[in-house]
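Colleague: Going line by line, the protein sequences match chains X and A.
For the first sequence, our numbering begins at 1 and goes up steadily by one.
For the second sequence, our numbering begins at 1 and goes up steadily by one.
It is worth saying that the hints were derived from the structure and are not from the lab.
The structure presented is a predicted model; accordingly, all values stated were derived computationally and were not measured.
Treat the hints with care, since some could be wrong.
Footprint (simulated), chain A over chain X, 3 or more residues, beta carbon under 8 Å [claimed, not checked]: (1) 24-36; (2) 49-61; (3) 97-108; (4) 167-175.
To give an idea of the chain X side of the interface with chain A (calculated C-beta under 8 Å), a few residues [to be verified]: (5) T80; (6) T112; (7) K117; (8) V149; (9) D151; (10) G152; (11) S153; (12) E182.
Don't be surprised by glycine CBs; every beta carbon is placed ideally from N, CA and C.
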Amino acid sequence: MGDVHKSLEVDTGFANLVQASARLNVNACFQCRKCTNGCPVTFAMDIYPDEVIRLVLLGQKERVLTCNTIWVCSACETCTTRCPNEVDIAGTMDALKEMAVKEGVQIPQPKTYAFHKAFLDDVKKRGRMFEGRLMQSYLLSSGELFRKVADGSIKEEMSLGWNMFKKGRLPLLPKGIKGKKEIKEILGSTS
Amino acid sequence: MKVSYYPGCSLESSARDYQESIDGVCKRLGIELVELEDWNCCGATAAHSLNHRASIELPARNLVIAEKAGNDLVAPCPMCFNRLKAAEKALLREPGRYRYAIEGNTRTWDLADFMARPEVLDVMASKVTNPLEGVRAVCYYGCMSSRPPEITDAKDCENPMSMDLIVRRLGGVAIDWSYKTDCCGASHVVDRPDMVFKMVGRLYERALEVGANCIVVSCQMCQANLDVYQDKIAAELGMAVDLPIVYFTELMGLAMKEPGVATWLARHFVDPVRLFEEQDLLAKRGV
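Okay, chain A solo, but in the shape it has when bound (with noise of 0.2 Å):
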């Protein structure tokens, strides 16, 4: 299966250990991710917050070179998904307002509800050879994939399921929670670190109460927030918190015993090898 690839910008740098475990677990599953010609940043959260039109035109620019080449468009960045997206709409809702028009006949897809359809679950299923036993995840999925979904068009915005479903075919167990969707203040954390710090800090609280032992993600922007200041956070509110963060597209490569593992893991802040090895996940199952 051949698809268009847009990475984003925090795919080539923080978010590296995500973009090696995508490539790792398509090239597994048969999905040939072709990355998009000379795309460009969707333009996030500053382009909208300063410049409406930037913030359509930016990722409709995209949407041109997806729909030259033909194929279906995944996004593994929310944040991207979400402008990618919301550029679609305003195109084709207002032809003609903004530089560029599309026909719409290229679809695009959040990586992680791409991969959790029922016929890529079912071949990542048959290729399973280390079920994730001893993990207790709860899915973390924050806003961009979902919200609004006039502009997402998700199927139940407050209570998304890709990942859970995915976490559940892997072997593990996916803990049902109210703060899948809860906001973890985004880039707020380079402006205003204290409002990140409290709504982090209360998803910690929540992941623990429920009894997990890792959070799941799908987006580099939570990843970061929830993994680089965990022991900053955990300090400032006298919690003791050791919950690593991982991108679902790393626990697909845990439990395919893809041979990248181990360098994924070893980006991240805090250390997701303990878990899997106190689990019997990693060294003695040749990971």
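Just chain X, same shape as in the assembly (with noise of 0.2 Å):
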């Protein structure tokens, strides 16, 4: 009875907290459920775009921080360009996933995230990402490389390697710029 109680409680705060990282607009949501109709990826979400707008505005954090579906999101944007109401249901499911990280929740979508960080961190090097150190850096940091080793199919991914480098695809030396510095600034406390 005390956690069905809980679980109603409101907390308003919420929204404004996600609202803070940019202008997402979520108190505009009338629940017309456009964005979720709309959305090309449902099908591998656990829950549907218009309930993470209903639960922010609830203040439900702990659910949509622990969702798979801000991770799932593929930032297609087809929702915000269609919502009526100029809910930028895109923007919101970016600052709930960087609220997750930075409070250290278990991410259900770990090899998505693993995906981005290894992106920032191959730009903070050099100020460009450079596509062959970028694939390195994430199949170990994501562990997807002794998956692939244990069950053969690392052989599939050398092989696509070889292919793209035969193809001119996939150049050995990756290229820096002079601002290295100023990139570095910019990213420098991503998680």
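Using the hints, build the complex out of the two chains.
Modeller: In structure tokens form, the structure reads like this:
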């Protein structure tokens, strides 16, 4: 009984917190579900985009920060484009991802996070992303390298890399920029 | 015509064919691309997913450089274009919030939109010596050049026409279809290939349903997702698919008999050469 009561407690302050990271306009949602109906990746989500917005408004922080929806969102911006109330739904997914990482919650899609992280780490080094190196560090940091070696699918990965190289689509050396220091400062605090 | 050019990181590696074809056709059209001095990565999906401030400041640095250069800025990669535009809007909306400031007097263009302006189309059409008869294309725009329109300033974000107009002026058929701006899953191909395979599989089905013999793209992420894994996706879906995924600039080069065409096309995984040979567009005409 106590639990039920607790789960019904509404925290309207959370919506303001989410808003603070950008102009997301979540308070304007009137639950028409247009976002969910046009979303191309609902098949991979545990809760629907309109539900994420509703839960944000109700202050259900833990539920939205731990759902896989915010990570499988492909940021195609269809929801944000079609929302009749100009709620930035895709932007809200981003704000929640950033918050989930900062708060150190268990991320249900660790590989997605590992890829984003590897990408920014790579950009931080030289100011530009270098695809060859990015894939290596992703495979390592996500644990995918060990899994792929163990189940033999590493062969497929290597043959893809070899084919890219043969077709001239995978240079061996990265390019760096002069303004590297500036880029490091911009990305300084990225978790 | 002189413009600043922001290639983006992929065009230095996996999308080298896109870069080469852009160089080739711009030279023919009299468009001088001046690469932006010391440009940096726009941060792409990773930055806007994990670090909102960096997702604005990374592209913003490039906007500052572009304003100094003074010319309009052209970006071939729709992701880069989108991030540059997002930074432009954020800096102008909230001056002082980010580490960079701009005047807002330099226009950022998506390359396909830049090329589809009437004056460029006219020059292009005058140089077509190998009209693309037999090419039945669906143009696939993906997400980032159109959405959200508050960022991209797209005229019709649900039905973009830039590449359709180009293909038609090159003498090919651009077939109307409803999946122009459906997402391919983008970088999820790395961490959730199952999602991308499902989304791309649906695009193949719809393209084949309307009778297309190739898919024309302007985004190197879409190109990679539709091209590199086509065999695997087709096998998983139990479908027969042989759809070359070509950049609109490659088609321009083919129609204008650019000498580099064969080199660009050789970088693809799904071989476009067979289709173009069948349609008598390559060897026999000396391209």
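Colleague: Would you mind marking each hint as holding or not holding in the structure?
Modeller: Verification of the hints:
Counting residues of the segment 24-36 of chain X whose beta carbon lies closer than 8 Å to any beta carbon of chain A gives 0, which falls short of the minimum of three for the stated coverage. Residue count for the segment 49-61 of chain X with a Cβ under 8 Å from a Cβ of chain A: 0. That is fewer than the three needed, and the coverage hint is violated. Counting residues of the segment 97-108 of chain X whose beta carbon lies closer than 8 Å to any beta carbon of chain A gives 3, which meets the minimum of three for the stated coverage. With 6 residues carrying a beta carbon less than 8 Å from a beta carbon of chain A, the segment 167-175 of chain X meets the three-residue requirement, and the given coverage holds.
With a least beta-carbon distance of about 5 Å to chain A, the hint placing X:T80 at the interface is held under the 8 Å criterion. Checking X:T112 against chain A: minimum C-beta separation of about 5 Å stays under 8 Å; hint holds. Interface hint status for X:K117: upheld, as the beta-carbon distance to the closest one in chain A is roughly 7 Å, under 8 Å. The interface hint given for X:V149 is violated, since its Cβ lies 17 Å from the closest Cβ of chain A, which is over the 8 Å cut-off.
The criterion of a C-beta within 8 Å of any C-beta in chain A is not met by X:D151, whose closest approach is roughly 14 Å, and the hint is violated. The interface hint given for X:G152 is violated, since its Cβ lies 16 Å from the closest Cβ of chain A, which is over the 8 Å cut-off. A distance limit of 8 Å between C-beta atoms decides the matter here; for X:S153 the minimum to chain A is near 11 Å, and the interface restraint is violated. A hinted interface residue such as X:E182 counts as satisfied when its beta carbon comes closer than 8 Å to some beta carbon of chain A; here the least separation is about 7 Å, so the hint holds.
In summary, the structure is inconsistent with hints 1, 2, 8, 9, 10 and 11 from the numbered list given earlier, while agreeing with the others.
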